[in-house]
Amino acid sequence: MKDGYKLIYKRPKTLLSTRMHYCPGCFHSTIHKFLMEVIEELEIQDKTIGVCPVGCSVFAYDYLDIDMQEAAHGRAAAVATGIKRILPDRIVFSYQGDGDLAAIGTAETLHACNRGENFTFIFINNGIYGMTGGQMAPTTLEGQKTTTCPYGRETADSGMPMKMAEIISQFEKVAYVERVSCDTPANARKAKRAIKKAIEFQMQGLGTTFIEVASNCPSGWKCTPEESLKWLEEQVFPYFPLGVFKEPAKRRQ
Amino acid sequence: MPSKGYVEISVESCKGCNFCVIHCPTECLALNTSDTNSYGLHYAYLTDEEKCIACQNCAVICPDAAITVYKKAKKKAA
Ligand SMILES: Cc1ncc(C[n+]2csc(CCOP(=O)(O)OP(=O)(O)O)c2C)c(N)n1
Ligand code: SF4
Ligand code: SF4
Ligand code: SF4
Ligand SMILES: [Mg+2]
Numbered sequence: 001m002k003d004g005y006k007l008i009y010k011r012p013k014t015l016l017s018t019r020m021h022y023c024p025g026c027f028h029s030t031i032h033k034f035l036m037e038v039i040e041e042l043e044i045q046d047k048t049i050g051v052c053p054v055g056c057s058v059f060a061y062d063y064l065d066i067d068m069q070e071a072a073h074g075r076a077a078a079v080a081t082g083i084k085r086i087l088p089d090r091i092v093f094s095y096q097g098d099g100d101l102a103a104i105g106t107a108e109t110l111h112a113c114n115r116g117e118n119f120t121f122i123f124i125n126n127g128i129y130g131m132t133g134g135q136m137a138p139t140t141l142e143g144q145k146t147t148t149c150p151y152g153r154e155t156a157d158s159g160m161p162m163k164m165a166e167i168i169s170q171f172e173k174v175a176y177v178e179r180v181s182c183d184t185p186a187n188a189r190k191a192k193r194a195i196k197k198a199i200e201f202q203m204q205g206l207g208t209t210f211i212e213v214a215s216n217c218p219s220g221w222k223c224t225p226e227e228s229l230k231w232l233e234e235q236v237f238p239y240f241p242l243g244v245f246k247e248p249a250k251r252r253q
Numbered sequence: 001m002p003s004k005g006y007v008e009i010s011v012e013s014c015k016g017c018n019f020c021v022i023h024c025p026t027e028c029l030a031l032n033t034s035d036t037n038s039y040g041l042h043y044a045y046l047t048d049e050e051k052c053i054a055c056q057n058c059a060v061i062c063p064d065a066a067i068t069v070y071k072k073a074k075k076k077a078a
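First to last, the protein sequences are chains A and B. At position 146 of the first sequence (counting the first as 1) the number is 146 in this note's numbering, and the numbers step up by one without a gap. At position 26 of the second sequence (counting the first as 1) the number is 26 in this note's numbering, and the numbers step up by one without a gap.
Keep in mind the hints are simulated off the structure, nothing from the lab. Honestly, I wouldn't trust all of these hints.
Under the rule of at most 25 Å between Cα atoms (straight-line distance), these lysine-lysine pairs were calculated in the BS3-like manner [claimed, not checked]:
no.	chain 1	residue 1	chain 2	residue 2
1	A	Lys192	B	Lys75
2	A	Lys246	B	Lys51
3	B	Lys4	A	Lys197
4	A	Lys222	A	Lys145
5	B	Lys71	A	Lys6
6	B	Lys71	A	Lys145
7	A	Lys10	B	Lys4
8	B	Lys71	A	Lys2
9	B	Lys75	B	Lys51
10	A	Lys10	B	Lys72
11	B	Lys51	A	Lys10
Given the structure is predicted, the values throughout are model-derived calculations rather than measurements.
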């Protein structure tokens, strides 16, 4: 460090120095970073257990310096339920893509939320199956081209893109639901704050907390990282608006 | 005049997404388009330290946590 200067930001220690395999600009990386910053700030590294999905983030355990468990495709909510019930003093999160959480794992997701399981969902909604080569997901936008809908998603036969944050916020035992993104520094700061709030609510035992990330997939969307930000702003946010969908009632002092 | 801050960017962690470059309010970052890291990717670097205001925007937006930010320390009262 140069003389007369002080360090004000550095990579969190909880994020291992291993280079992440994610494509340039992929928000999987950004969210890994924020999660680990939150865990470092709350000093819960040795009490946190994460559950990995199947999808691009299947190797998240190689980067996050905490205890991790791999789940079968879509079953992360069921695995997280088991871990949290056996070890209720631990902080537990599931980390899942949209193919994982909202397609093959819809049943596990909805029932865990209906039961109000006291763990945190980190839901990376990039509107596509990134890992397997960019197939249509339940969250793919109307008209959006993917390898399995090369002319664009047709809602007449595929239905409308599923708004998970809105759906999850209907469950009575769910405490907190917010949709965030990382396309600008302001939104990225909000994303980190939301993750921190979700973990804190979990520590207070308030019920299920659910953070949906309006994420990107430059490789699957066949665009540059910068173009993926534009797509988010112009196409994704109008349909998947950012914001808080449910919050715990303010406690009386 | 000494700058208000400066950043260090890890050449090997950077993937050249350009997010920090487009979000730096004082336009003091750029991608080095004439060189690559060992992964074959162009990397970002600080072009003009005088301009850095230590706002941390680049570090917040960087997916790969490649950026470290330093701020000019306030002078201690004598
Ligand atoms: C039981 C089972 N069915 C299908 C697959 C193939 N598969 C691997 S990842 C994936 C979808 C991943 O998409 P998503 O959850 O959105 O994650 P992303 O890669 O986009 O982050 C699928 C269908 C599998 N591994 N296991
Ligand atoms: S394929 Fe898409 S989701 Fe997967 S790492 Fe690359 S950009 Fe990210
Ligand atoms: S800290 Fe702010 S001013 Fe300095 S390089 Fe980063 S974005 Fe630019
Ligand atoms: S945001 Fe990070 S990875 Fe992207 S160009 Fe800047 S330093 Fe490199
Ligand atoms: Mg996906």
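- Item | Holds or violated: lysine 222 (chain A) to lysine 145 (chain A), with C-alpha atoms at most 25 Å apart | With Cα atoms ~10 Å apart, lysine 222 (chain A) and lysine 145 (chain A) stay inside 25 Å; holds.
- Message: lysine 10 (chain A) and lysine 4 (chain B) were given as a pair; does the straight-line alpha-carbon distance stay at or below 25 Å?
- Response: Status holds; Cα separation ~17 Å.
- Message: lysine 71 (chain B) and lysine 2 (chain A) were given as a pair; does the straight-line alpha-carbon distance stay at or below 25 Å?
- Response: holds, 10 Å
- Message: With the threshold set at 25 Å, check whether the alpha-carbon distance from lysine 71 (chain B) to lysine 6 (chain A) stays at or below it.
- Response: OK: lysine 71 (chain B) and lysine 6 (chain A) at ~5 Å, within 25 Å.
- When you check the alpha-carbon spacing of lysine 4 (chain B) and lysine 197 (chain A), does it fall within 25 Å? Not OK: lysine 4 (chain B) and lysine 197 (chain A) at ~32 Å, beyond 25 Å, violated.
- Measure nothing beyond the straight line between the CA atoms of lysine 51 (chain B) and lysine 10 (chain A); if it is 25 Å or shorter, mark the hint as holding. Answer holds: lysine 51 (chain B) to lysine 10 (chain A) is near 20 Å, not above 25 Å.
- Message: For a C-alpha distance cap of 25 Å, please report whether lysine 192 (chain A) and lysine 75 (chain B) respect it.
- Response: The given pair, whose Cα atoms are some 31 Å apart, is violated under the 25 Å limit.
- Given the hint that lysine 71 (chain B) pairs with lysine 145 (chain A), does the C-alpha gap stay at or below 25 Å? It is violated: about 45 Å lies between the C-alpha atoms, which goes past 25 Å.
- Task: Verify the proposed pairing of lysine 75 (chain B) with lysine 51 (chain B), using a straight-line Cα cut of 25 Å.
- Result: holds, 20 Å
- Message: For a C-alpha distance cap of 25 Å, please report whether lysine 246 (chain A) and lysine 51 (chain B) respect it.
- Response: violated, 41 Å
- Item | Given pair status - lysine 72 (chain B), lysine 10 (chain A), alpha carbons within 25 Å | Status holds; Cα separation ~15 Å.
Checked against the numbered hints given earlier, the structure breaks hints 1, 2, 3, 6 and satisfies all the rest.
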